[in-house]
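Asks: These are the residues of each chain, in order.
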Amino acid sequence: MSRIGTIARRTFLVGSVAVVGGAAFGVYAARKPHPNPLQTGEGEAAITPYVRIDGGGVTLITPRADSGQGVYHVQAALIAEELDVDLDAIAIDPGPPAPAYWNTALGAEAAEFMVPAQGAMHNATEGVVTAAMKLMGLQITGGSTSVPDGFDKLRAAGASARETLKSAAAARSGVDVTLLETESGHVILPDGSRIAYPDLAPELAETPVVQDVPLRAPEDWRYIGKPMQRLDIVAKSTGTQTYGIDVEVEGMVHATVLLNPAQGGDLGDWDAAEALTMRGVTDIVPITGGLGIVADNTWRAFKAARAISAEWGAPDFPAEQEGHWAALEAAFTEEARDSRKRDDGDVEAALAEGEVIEAEYRAPYLAHAPLEPLSAIVRVNADSAEVWTGTQIPRFLQNNVARIAGIDAENVIVNAQMMGGSFGHRLEDEVVKHAAEIAVQMPGVPVKLTYSREEDMIHDYPRAIAMGRIRGRVSEGRVQALDLSIAQPSVMSSQMGRQGLSAPGPDSQIVAGAFEQPFALPHQRVTGYRATGLAPVSSWRSVGASSNGFFYNCALDELIHAAAADPLEERLRLVSDPLARAALEAVGEMSGWSGPTPEAGLGRGVALTRSFGVHCAQVVEVRDTEAGLRIARVWVAAEVGRIVDPVNFENLVQGGVIWGLGHAMNSEITYSGGVAQPDNFHDHAGMRIWQAPEIEVRGLENGDAVRGIGEPPVPPAAPALAGAIFAATGTRLREMPFNRSVTFA
Amino acid sequence: MKLTVNGTSHEVDVEEDMPLLWVLRDELGYKGVKYGCGIAQCGACTVHLDGVATRSCQIPAGSAEGAEVLTIEGLGQPDALHALQAAWIEHQVAQCGYCQSGQIMQAADLLSQVADPTDQDIDDAMGGNLCRCGTYPRIRAAIRSAAQAMKEV
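Chains as they are written, first to last, in the UniProt record's numbering: chain P, 1 to 745; chain Z, 1 to 153.
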């Protein structure tokens, strides 16, 4: 029986994720629209789940979580494009967790979780997955899906709301609806008189929603494609933006945690007698894997945590780093083989014909470490609970709080907050569960839990460690064959497991960023191996592609060098997708490419990775100086189909490049005594301003599909840097971070 | 003890060794001052102490007594922007924005000492302020714009 066939009945497959009981609602439930979750009172109207209108004004609901990528703004702009409201005259609200806000793109585009669909076989899966997503109401922000998910849906919601407003105005004025216009939050009558949208709220409650309104043509767009002032930019430039960590609730107490330093290990005997005598400390209570410390001030809680002595159980992964690498090395076996998603030509035969080039590559665990440490406020009452936190998974945490509090999930109110970064960190909800475990021991009291930076970093679920082995052959100045084998733990299995979901079948993240690359080598094979027994891991900006894009591009570079070919020219000869070709040609032109070593001491590297449906090409230029290597300039071209806001686009691309380069330069998480090292920014900073290169960005809009840009700039950065360092110094770097081998200025 | 923040005098009852950061955030409600690392590695908590950019996570409250503390809220407000805040808006520097209070306070210190900073001056002065989103190219551009605007006043 196939692996899928062995999955229990009533288990519904979503890509590689199975949801127990998920199919119980049947297909009908998937086709029926979800109910509108917006509650309206007297004189208020909620037209579609995305537009709320009352006497006070117009509120746009922006359910995808904002971790700094500007997606609150982008969602509002997409609705406003059709609704005809001015962005400076509306309010936004992230809305409640509700099935109506399911992420279509995560289903459709990520049938195998975040690997974009290709081909008929994949399309067949898509419908099933999308239906399953809808059944679950997966309100997830991730996989660079917010723009693909919202691009049509939010504009349609705006258009529907606009036509419904016109319908209400027609009923009130007696004027035929076809004679009405809309502008700047008003319906305009033929005589020029104007009715403000909020004034129509009473009629709206009685007006049937107008459905299936045609969308405007791109030439009529007012917002999309033009520079906009982000809705949050003034608050974020004046210290007035409220983040989750800033929220205060009447009567709240401050708490922190002292967790087993070894991730996931148990709490043994503990002694908090001294801590309990410290000023402001009121309670110290056991929680899963540690203790909750409750005080009247965050710092007093931090200080008390350091005064507690405790014994800790061992983790269920190797205590020392060598054991982690050994587990990866041991995973290259037939039994551990997870997938072979690419097998072109006859790799074995081609490799048997002549000299084989071999190399081994390594990518470390990495912390997410957004600058805002994790925090959550939870209040648990007898039969309800309320949560204030920044999250990418509001529906999951709602269920988890309900389970801990022993109440129904619909009685858990989630107030989503602006996030001070995430990079995937807030796809986990341990901090919320810990806050709920403390809160359930203090009924009625809002408990604000703040992790110290140290707790945040050592209890992160890091980027998966990975190892790539390449074998290849060249002849007649050309790359002929590449055999890439990758060993990683399964991030989907680890991450979904923490939510009580199983992940049967192959995990495409083990090979994402490698198996689907647009290069037509005569012989090419990509095999994924699932390493087990390692530290628990999670999605880190660009997920599997963050390591595999490095392995794949470096493999090409090694072979191209052996063939004595030019890194850009040979890629252009091999590239098989016109969108990818255009991206490579763009960075060639932008950088004035004249080879990897335009002058002595100056090196250039090039890389292209297709990830999240985006072809992103980069050229990195490195100068070898007396003080060390300096990254001087970077040129980036990314194909996204449609750029919603060119300013935000450029900012996100530059940030993604800096993210990719900075961690490749100087960051890693290793384990010693079972504990993640380091625990703060002194040794895991990523890039600082003096290291930041000039970054020239070009967005390409040749493709038909609209894509997100949060993650795709990350994967090509590290290999382009490695290529540049090789060109400048002759040193081939095969392990990140590169400062293990070279010095940066 | 008595603390003067943004020109307002506050009486607070805290331990001498409580870091100024936590007095400002938890006792006095100046939430624009951010906690990022607690060990002077990120700069998110930067305030001015008698006009000098200082990591408030490293200043015991007792030693701030008698000094003038300036936070981002005192530098400028949405309806009365400091030139740096206006430049930060013009260049749309922020992504998550969490570090930007500290970045702006550090940049204000720089411009008070060097009216027309070079890129090297900027990199030297801002090196301790971490931005995990990677907005550095825009921080540089905004500081240059603000310097220009302040010269023209």
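It is possible that some hints are incorrect.
If you anchor each label on the Cβ, the simulated ranges turn out as follows [said to hold, decoys possible]:
id, chain 1, residue 1, chain 2, residue 2, range
1, P, P286, Z, S9, 38 to 48 Å
2, Z, D13, P, E274, 46 to 56 Å
3, P, A91, Z, S9, 30 to 40 Å
4, Z, Q120, P, G444, 48 to 58 Å
5, Z, Q120, P, G601, 13 to 23 Å
The hints are simulated quantities; they were obtained by calculation from the structure and are not laboratory data. Every residue gets a Cβ at the ideal spot worked out from N, C-alpha and C, and that includes glycine.
Asks: Which earlier hints turn out false for this structure, listed by number in ascending order?
Replies: 2
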